[in-house]
Amino acid sequence: MTDQVSKNSRSARKRQPVSLVSWFAQNTLKGMARRKALLGYIFVAPTILGVTVFVAGPVLFSIALSFYAWNVFQPAKNVGVENYIRMAADSRVLVGFFNSAKFAAIAIGLQIALGLGLALALRTKMTSWMRTYFRTAFFLPFLLSGVATGLVFSYMLNSDFGVVNYYLSLLGFAPIRFLNSSEAALNSVILAYMWQALGFSMIGMLGGLSNVSPDILDAATVDGATGWNWLWHIILPLLSPTIFFMAVVGVISALQIFDQPYAMTRGGPGDASRTMVMSLYEAAFKNMELGYAASISVILFIVIMAVTSVQFISGKKWVFYQ
Amino acid sequence: MAPKRIFTYLYYNIGRWTLLLGLFLGSIIIVAPIAWTFSTSLRTPYESFGVPPKWLPTDFAYQNYVNIFNKTPFLRAFGNSVFVTTCTVIGQLTTAAMAGYAFARLKFPGSSVIFGLVLATLMMPFHATIVPVYMLISYIGLSDTLWSLVLPSIPTAFGTFLLRQYFLQIPVEYEEAAVLDGASQWYIFLRIYLPLARPGLFILAILSFNSTWNEFFRPLIFIRSNSLYTIPLSLNQLRGIQGTGSMSGVLAGVVLSMLPVIVIYSFGQRYLIEGINVGGVKG
Amino acid sequence: MTNSNLSRREFLALSATVGASALAACSAPTPAPAPASAPVLPTKADVTLRVQGDEKNEAPILPSFQSKFPHIKLEFVSVTGIDHEEVASKILTMIAAGETLDFGYSATEALQVYAGMGLSQPLDEWVKRDSTEMADFFSEVHPSLVQAMMYEGSLYELPFDFNAANMYINTKLFKDNGIEFPSADWTKDDFVSAARKISKPGDAGKQVYGFGWTNRLWGSWMPWIFANGGNLFEQEEAPGGEWLWGTYYKNDPMAKGRGGGYRWINPVANSPAVVEALQLVVDLYKEGVTPGMVLGGGSELQGLLGDNHLGMTPGGGFWAGGLGNAGFPKGSFDVQLWPKWKNQTHQFGTGGQWMVAASKHKDEVWEYSKHRISKDGMQTWFDTNGIVTTPARRPMLNATAFAKTGPEHWQVFYDTLDKHPETAPIPCPPISNPMTTLFTNYTGQAMDFKLTPQAAMDSLQKELVDLVARSKDVMYPKK
Numbered sequence: 001m002t003d004q005v006s007k008n009s010r011s012a013r014k015r016q017p018v019s020l021v022s023w024f025a026q027n028t029l030k031g032m033a034r035r036k037a038l039l040g041y042i043f044v045a046p047t048i049l050g051v052t053v054f055v056a057g058p059v060l061f062s063i064a065l066s067f068y069a070w071n072v073f074q075p076a077k078n079v080g081v082e083n084y085i086r087m088a089a090d091s092r093v094l095v096g097f098f099n100s101a102k103f104a105a106i107a108i109g110l111q112i113a114l115g116l117g118l119a120l121a122l123r124t125k126m127t128s129w130m131r132t133y134f135r136t137a138f139f140l141p142f143l144l145s146g147v148a149t150g151l152v153f154s155y156m157l158n159s160d161f162g163v164v165n166y167y168l169s170l171l172g173f174a175p176i177r178f179l180n181s182s183e184a185a186l187n188s189v190i191l192a193y194m195w196q197a198l199g200f201s202m203i204g205m206l207g208g209l210s211n212v213s214p215d216i217l218d219a220a221t222v223d224g225a226t227g228w229n230w231l232w233h234i235i236l237p238l239l240s241p242t243i244f245f246m247a248v249v250g251v252i253s254a255l256q257i258f259d260q261p262y263a264m265t266r267g268g269p270g271d272a273s274r275t276m277v278m279s280l281y282e283a284a285f286k287n288m289e290l291g292y293a294a295s296i297s298v299i300l301f302i303v304i305m306a307v308t309s310v311q312f313i314s315g316k317k318w319v320f321y322q
Numbered sequence: 001m002a003p004k005r006i007f008t009y010l011y012y013n014i015g016r017w018t019l020l021l022g023l024f025l026g027s028i029i030i031v032a033p034i035a036w037t038f039s040t041s042l043r044t045p046y047e048s049f050g051v052p053p054k055w056l057p058t059d060f061a062y063q064n065y066v067n068i069f070n071k072t073p074f075l076r077a078f079g080n081s082v083f084v085t086t087c088t089v090i091g092q093l094t095t096a097a098m099a100g101y102a103f104a105r106l107k108f109p110g111s112s113v114i115f116g117l118v119l120a121t122l123m124m125p126f127h128a129t130i131v132p133v134y135m136l137i138s139y140i141g142l143s144d145t146l147w148s149l150v151l152p153s154i155p156t157a158f159g160t161f162l163l164r165q166y167f168l169q170i171p172v173e174y175e176e177a178a179v180l181d182g183a184s185q186w187y188i189f190l191r192i193y194l195p196l197a198r199p200g201l202f203i204l205a206i207l208s209f210n211s212t213w214n215e216f217f218r219p220l221i222f223i224r225s226n227s228l229y230t231i232p233l234s235l236n237q238l239r240g241i242q243g244t245g246s247m248s249g250v251l252a253g254v255v256l257s258m259l260p261v262i263v264i265y266s267f268g269q270r271y272l273i274e275g276i277n278v279g280g281v282k283g
Numbered sequence: 001m002t003n004s005n006l007s008r009r010e011f012l013a014l015s016a017t018v019g020a021s022a023l024a025a026c027s028a029p030t031p032a033p034a035p036a037s038a039p040v041l042p043t044k045a046d047v048t049l050r051v052q053g054d055e056k057n058e059a060p061i062l063p064s065f066q067s068k069f070p071h072i073k074l075e076f077v078s079v080t081g082i083d084h085e086e087v088a089s090k091i092l093t094m095i096a097a098g099e100t101l102d103f104g105y106s107a108t109e110a111l112q113v114y115a116g117m118g119l120s121q122p123l124d125e126w127v128k129r130d131s132t133e134m135a136d137f138f139s140e141v142h143p144s145l146v147q148a149m150m151y152e153g154s155l156y157e158l159p160f161d162f163n164a165a166n167m168y169i170n171t172k173l174f175k176d177n178g179i180e181f182p183s184a185d186w187t188k189d190d191f192v193s194a195a196r197k198i199s200k201p202g203d204a205g206k207q208v209y210g211f212g213w214t215n216r217l218w219g220s221w222m223p224w225i226f227a228n229g230g231n232l233f234e235q236e237e238a239p240g241g242e243w244l245w246g247t248y249y250k251n252d253p254m255a256k257g258r259g260g261g262y263r264w265i266n267p268v269a270n271s272p273a274v275v276e277a278l279q280l281v282v283d284l285y286k287e288g289v290t291p292g293m294v295l296g297g298g299s300e301l302q303g304l305l306g307d308n309h310l311g312m313t314p315g316g317g318f319w320a321g322g323l324g325n326a327g328f329p330k331g332s333f334d335v336q337l338w339p340k341w342k343n344q345t346h347q348f349g350t351g352g353q354w355m356v357a358a359s360k361h362k363d364e365v366w367e368y369s370k371h372r373i374s375k376d377g378m379q380t381w382f383d384t385n386g387i388v389t390t391p392a393r394r395p396m397l398n399a400t401a402f403a404k405t406g407p408e409h410w411q412v413f414y415d416t417l418d419k420h421p422e423t424a425p426i427p428c429p430p431i432s433n434p435m436t437t438l439f440t441n442y443t444g445q446a447m448d449f450k451l452t453p454q455a456a457m458d459s460l461q462k463e464l465v466d467l468v469a470r471s472k473d474v475m476y477p478k479k
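Protein chains in written order, with my numbering: chain A, 1 to 322; chain B, 1 to 283; chain C, 1 to 479.
In case anyone wonders, no lab produced these hints; they're calculated from the structure.
Subject to a maximum C-alpha distance of 25 Å in a straight line, what follows is the list of computed SDA-like cross-link-like pairs (lysine to any residue): (1) 172(C) - 44(B); (2) 462(C) - 86(A); (3) 73(C) - 384(C); (4) 77(A) - 470(C).
Since the structure is predicted, the reported quantities are computational estimates derived from the model, not experimental observations.
Next up, chain A with everything else stripped away, as it sits in the complex:
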């Protein structure tokens, strides 16, 4: 009996041509899936198109360019892998990579820890005025441009006349050569960057916290989950998508930092605070060696991709989505 019915429906279905619209409009799970897929494609279309034209295309162009030597004026000369060989021996570029790596490692750790700490601290009982004040105060630095920040810090950290050394000397310390000693230069740049990044990190964590039901948070406290337990087993897992995001984006941005070191030290003294992107900028815009610059950017690209992939793979283990 059922066989006959189904056989009839099947052949009935086969005989009718299915229009595209009705294929989507079917009120079945499959139809819904098709609708979802269609919507998916439509929704990502503008972004994909834009990204292809304005990013992917130029990226491919850069990759191709890295095998040439081009100074814009004379026609490009194919030099094969010469640019890469030169980079391997170019201590200035290598130092740039190393500095960027050191920078990113320190900056990310601090950013996430301090951002989370601040966000959690702001949950303490206080008047809303105070909360607004703190939120604003910590976020304010983020509103400055990187160049402006670098500029302000370069004035403040001046080894002879800067405000910071002035107060240090009042407290009895010897003045620190922030920007003109190779040991302190990179750390000073990190300081300027962190000053700005803290606000971003805090806001991000606050946003993430907002998606966590306060009931869960309070319930955990009532149940006796204290301090560390609470943090480790409740907060972190719930916040893991946000933390993950901060980590990925933070590393990508830290590895590409340019504005602050450029404004503060121009990479000096020597190469102490030279970052990868600064090496790239110099090759492209100071020395007009666009092929070499392209090869630096390709390597940078590979490094960032590698680091991010590692983060994504490890993320599968500790990021927990609802």
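The hints should help you fit chains B and C onto chain A, whose structure is shown.
Frame of chain A; chains B and C shown alone:
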């Protein structure tokens, strides 16, 4: 009785107060450079480097600010910056919300591969692609127009990633409930997910606004005409004009460039807070 | 972040065009007929020139130009940058993307870069053609400036302004320490003793320094290299140039033996003269006579000078107006020639106007260029914009020009050229951009005591040799 009460009160709250004190000190240190910038910008160029620093501006050398309006087309630049930033922010929010949602909740073949590719573009330092992009812009005939700044910025891998994470944090139960009620995909997106992702949207808006407003490097290369300068470009002129660019003059420029962003933030803060408070998922 | 005189020079040069108009507008209520010596342009069709410059600063000299050539419209393309390398690269990027430019202004550093790439046009035929006007111009311009604008026998830029590194002095600190204003032939030892006398250690903010400088190519410790008879490269004369010297500088002893430009081919960065100069500035820093290396450069040193925390610093004519604009009262600063060491060779940089080789309106560009360096044009420009750089025309440096700002010894600026024929431009081969980066890099390392001066210069020499070998295509290929 009373002393014991006070004692217990203190005992339970001292942790909180220490924390508050710590936060307060921290906030002072964080804001200090900005305060210093502001007060130094009001010192005469002649003695902008004097120590001890004057935290309270007593010179009121507002001439530094007047100079900015005299020497640079600041109001014009302001208008340009507003145009570019508004268009970019709206464009980014729209495209990123759609794409982020699609990657988070809409299954379609190849979505993870495409997402990976989109993410990959985040990792290319834009300084590297600037020359080819500039050549492309020129080719389309948009060189030296404000649109040359807007168009390449609208597709945002960063924004897509950000909103994807926010959408992922919204429990699927909502959608399932709506489907059972017969809601269309559009409805689910517009009425359920989008409002719940408000914090993410507001955050993206602020970040987008901030980064576009303060952008210096790309406009430097893409814009040529004085009348199309954005604020950072016009302020950069200060360095070359004011004698040899006195420190206080430059700092006045920094203050001016910060003000609009602060204003926007203080107004938008209300929505951000709302978003942060309301967006909580009620179990 | 350096407010180098170079970036200002460019900036100002861009503005120059505007100056002359005001003057002309006053004197000629009706459009003046084209002067007899001006060539008749082949066509009177409307032409738009894309001119590198800042419209606001050039505005004063526009009206007189427009009245002479109503069919030439000027479209200003403001190319700003933090330093002149950025300006140069922006221009190159612009042209690479196919945008047109007809007229440019650049400093010595970019001259050979553009010329070497074939981007700028040799001006010889126009210079030869308009001999009357050019004779008037060259008669007032020192041949050093002209030779600095020549490359491989041809003239590529018309010099508009220049800046030599002289020694700026804080008059109050000199007076307070009982130091007499130095004579024109003061020696390096005189300088060191003055600097030491002025320096007073103290807590942060209270110190006084005798001598400060910023880390860049022009006017850092480069003047010391020159004064010690050294240079980063061996300076050679390019062949050719008789067509110019023979016509316009026939009777000028200063022009004898000059060639068709300069060539900087063989690096000699680790020669004893250079190392000695570096040792001098490093020692001064160690002693506490020089403040820490700053990057903000111009603005910070300026602040220190004004606050009486700094006694002396290198500077050119650009600071006469510059310091004045920043509020320095007249008389608070003065200037003298650079101290004599092995000899008293000075270094300078020039700013010049060039014609883009790909321009389709070369004759019109030439007219505009001439207008800008004409007596009226230049005078109007400087009257409006102030004495913010050193004009190339000698008579324009007079008591009136410096009346508002000082310095008292303004004659020093042109004396650097007139009284010292050996004064030479800073080394600017076609590879000047990467060369500058290397130079500042190793300077920084030496000043951080990471490398001894000898070691730093040895490394610099090695890298310069590599750089030259890599850049054979652009380094004077027509040898």
